Amino acid sequence: MSETPNHASDRTDPPDGPEKPKGLSRRTLLKGGAAAGLAALGGATLGLSGRQQQLEPRTEVPNLHGAGGTGPVEDISPDGFDPTAFATDFDYGRASTLPDGRTLREYDFVAVDKEIEIAPGVWFPAWTYNGRVPGPTIRCTEGDRIRVNFSNAGSHPHTIHFHGFHPANMDGVFEIVEPGDSFVYEFDADPFGLHLYHCHTTPLKRHIHKGLYGAFIVDPAEGRPEAREYVFVMNGFDTNFDAENEFYAVNTVAFHYMRHPLPATVGERVRLYVINTLEFDLVNSLHVHANFFDVYRTGTRLEPDEFTDTVMFCQGERHVLELEFRHPGHFMFHAHQSEFAELGWMGFFDVAEA
Amino acid sequence: MSPRRDSGGLAGPLVGFTVVVAIVGVLAFLLARGVGLERAAPPIEELTVDRIELPEPGRIVLHVVNGGPDPVSIHQVVVDDAVWAFSIEPEATVGRLKRATVEIPYRWVEGEAHEIQLISRNGVTFEEEIAVATETPTAGLGWFLRLALLGVYVGVVPVALGLATHPFLTRLGERGLDFVLALTVGLLVFLAIDTMAEAVELAGEVASGFHAPILVWTVAIATLVGLLAVGERRRAGGGTLEPLALAGFIALGIGLHNFGEGLAIGAALSTGAVGLGTFLVVGFTLHNVTEGIGIAAPLAESKPRLLHFAWLALLAGGPAVIGCWIGGFVFDPLWGSLFLAVGAGAIVQVVVEVGRLVATRSTAEMGPWRGEVLAGALAGLAIMYGTALLIPA
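Note that the protein sequences, when read in sequence, are chains B and L.
First residue of the first sequence: 1, per the working numbering; consecutive thereafter.
First residue of the second sequence: 355, per the working numbering; consecutive thereafter.
No wet-lab data here; the hints were simulated from the structure.
What you are looking at is a predicted structure, and each value in this text was computed from that prediction instead of being measured.
Yeah, the Cβ is synthetic: ideal placement off N, Cα and C, and Gly gets one too.
A few of these clues could be false.
Counterexamples of contact, computed for chain B against chain L with all Cβ distances above 10 Å [what the hints assert, rightly or not]:
1. Gly71
2. Leu98
3. Asp100
4. Asp108
5. Val122
6. Arg132
7. His163
8. Glu175
9. Glu268
10. Arg269
11. Asp281
12. Asn291
13. Val295
14. Val311
15. Gln315
16. Glu339
Partial pick of chain B residues on the chain L-facing surface, computed with a CB cut under 8 Å [stated by the list, open to error]:
17. Gly68
18. Thr70
19. Pro120
20. Gly121
21. Phe124
22. Asn240
23. Glu342
24. Leu343
Could you build all of it, start to finish, from the sequences and the hints given here?
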């Protein structure tokens, strides 16, 4: 998948210079009838003549003069993992009702060794849950019963260690699952909040940075307000195994959301589930341009803890963020560690007029 | 493999044919079936950056060569810890012992250091540093002349100055001349070691697939043997070479050494690795004056014409100019190390020839190891080392 989905495509080219007026959406122009002519006229009026990309369905992404740019391989292979789909892919499992009336959500996890593409043309020999990094985003409601049938088809022993309340034998620490073996994790989803799961086999650093982690979202019983939601698993890859990350990203692929901006709409609530699974580097962060957001630390309370535009994450730390865009256009989000940002942890929101 | 005349009939060709068939058969079998040691792991990737150019602000050009056993695909480039746009010619996948050019539109900073990382399809990283960024001189006439002038300063001028000591050498007595000839041997030994050390060092930078470290020794030895054979023919009747021929050989050996020096200077200048100050040029000049004396020494008892001196100065000093040009424009570690190896071999040859001259001059009762010979040889080494200290490494 290489196209920005849904309504990302129906807005105009963003201003990439201060002189350009904002807020003229392609949708507005297309609704006008003589679409192409008007669009061309609009382009000319805006001083954008000759930029035919405007007429194509995909929005043109601003150029950063080489930074984050690619070489001969312009994008990741379309047959592999798609970060755009992943960001909104919430797995509610196979739901059934237990005799006591609670919901049972059942998941099948298989650990497999797989080579994954982490930047256009660069591949990493990963250890994965279900052939993808991050693993599936488990989503449930507090009080649900979670059952994860885990089997290890990889070459090394693995486990799944969930954050949250659960008995000692469900902790994924002592019951090491050897290749070919399996294990069933079962526990209650508690407390509500934004959690994570990861392999807890030693050596930990290797097992985690090779790709065995994912998001575990437990919604409050009363739910959260309606919003456009994205999952951001902040990660990095040490491709030459020198205990330093060569590439950083949210959701694995370096600069993916720069090439394929995430859509949003002016005035709409956007909720980000942000988890830091980075290894080697002690802290990570997230900054959204031209905006401020409410921070719900670990997502375990329904009142925001902070109103800011930059938030720091330790390894394993995660926060739910809520924000609203006031202006249309491309807005950057990235780690405020410039090094991480320029090594892949950088993307755009593509905000359309309401 | 060629059959001997007396082996009789078809036996010789038949044996030869059988051996060839056997070799081809074994190779074909191995290629088809493998040797059972094939790697299941990722391929071994190796890439060497031969040369970095900063042709203009905002542009970095890297010349790379794949010296490893497997092809390498360069799919990402990182400059100063930032993923950057780039293009690669002729293609992203560089085959074994093949070359490619990487172009990066990056605003490098004059006088500062930059770190470039090429990342392969398998995430293997190849790092190269720009120690001091400075615009690579373009191949214009001005730069061409500047390099030539530099070559004249460090090569032709000092050799000519050294040759100018000839009238003085002719007035030396027997023992004085022995001293100067031995001094020549000492300085040549120094140059031989210095040149070979540089050849080996540079060979270490060559992509390993070319096996340059063994190649430079082979080339040096082949040069030595070849020149000794040429000298042997010139000598014809035996004994020592006639003075002008010997001076010519010394000039040739020193010329090849100075070619190597020129290469190093030109390359260092074009990559901004050194700021070539007056001090450095003076150091090279002093260092190389001794070379001129060495060339003049065997001519002490003859009366060469001025034209001969001019030719000798050009032969010994001129290659520094060519070296500066090549180093400044198209420096390549493989060719550079090979030229240096040729130089080392040539210098050892003149060590042999001058040594032979010193030996034939010695009287039977004293043998070649007289005081003035020992003192001269040690003085030659000491002077070369002493003046080398004037040149920043």
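Verification of the supplied hints:
1. Gly71: violated (5 Å)
2. Leu98: The claim stands: B:Leu98 keeps its Cβ more than 10 Å from every Cβ of chain L (closest is about 46 Å).
3. Asp100: Its Cβ never comes within 10 Å of chain L, the nearest being 50 Å, so this holds.
4. Asp108: holds (29 Å)
5. Val122: Violated, because the least Cβ-Cβ distance between B:Val122 and chain L comes to about 5 Å, which does not exceed 10 Å.
6. Arg132: The assertion about B:Arg132 holds, with a minimum of 18 Å to chain L.
7. His163: holds (29 Å)
8. Glu175: Answer for B:Glu175: holds, closest chain L Cβ roughly 31 Å.
9. Glu268: holds (31 Å)
10. Arg269: holds (32 Å)
11. Asp281: holds (12 Å)
12. Asn291: Per Cβ check, B:Asn291 is outside 10 Å of chain L; nearest 24 Å; holds.
13. Val295: holds (28 Å)
14. Val311: holds (23 Å)
15. Gln315: holds (20 Å)
16. Glu339: violated (5 Å)
17. Gly68: Nearest chain L Cβ about 6 Å off; hint holds.
18. Thr70: Constraint on B:Thr70 satisfied, holds at 6 Å.
19. Pro120: holds (7 Å)
20. Gly121: The hint holds - B:Gly121 has a Cβ within 8 Å of chain L, the shortest such distance being about 3 Å.
21. Phe124: Hint holds; B:Phe124 Cβ to chain L Cβ min 6 Å, cut 8 Å.
22. Asn240: holds (5 Å)
23. Glu342: holds (3 Å)
24. Leu343: Since the shortest Cβ distance to chain L is 6 Å, the answer is holds.
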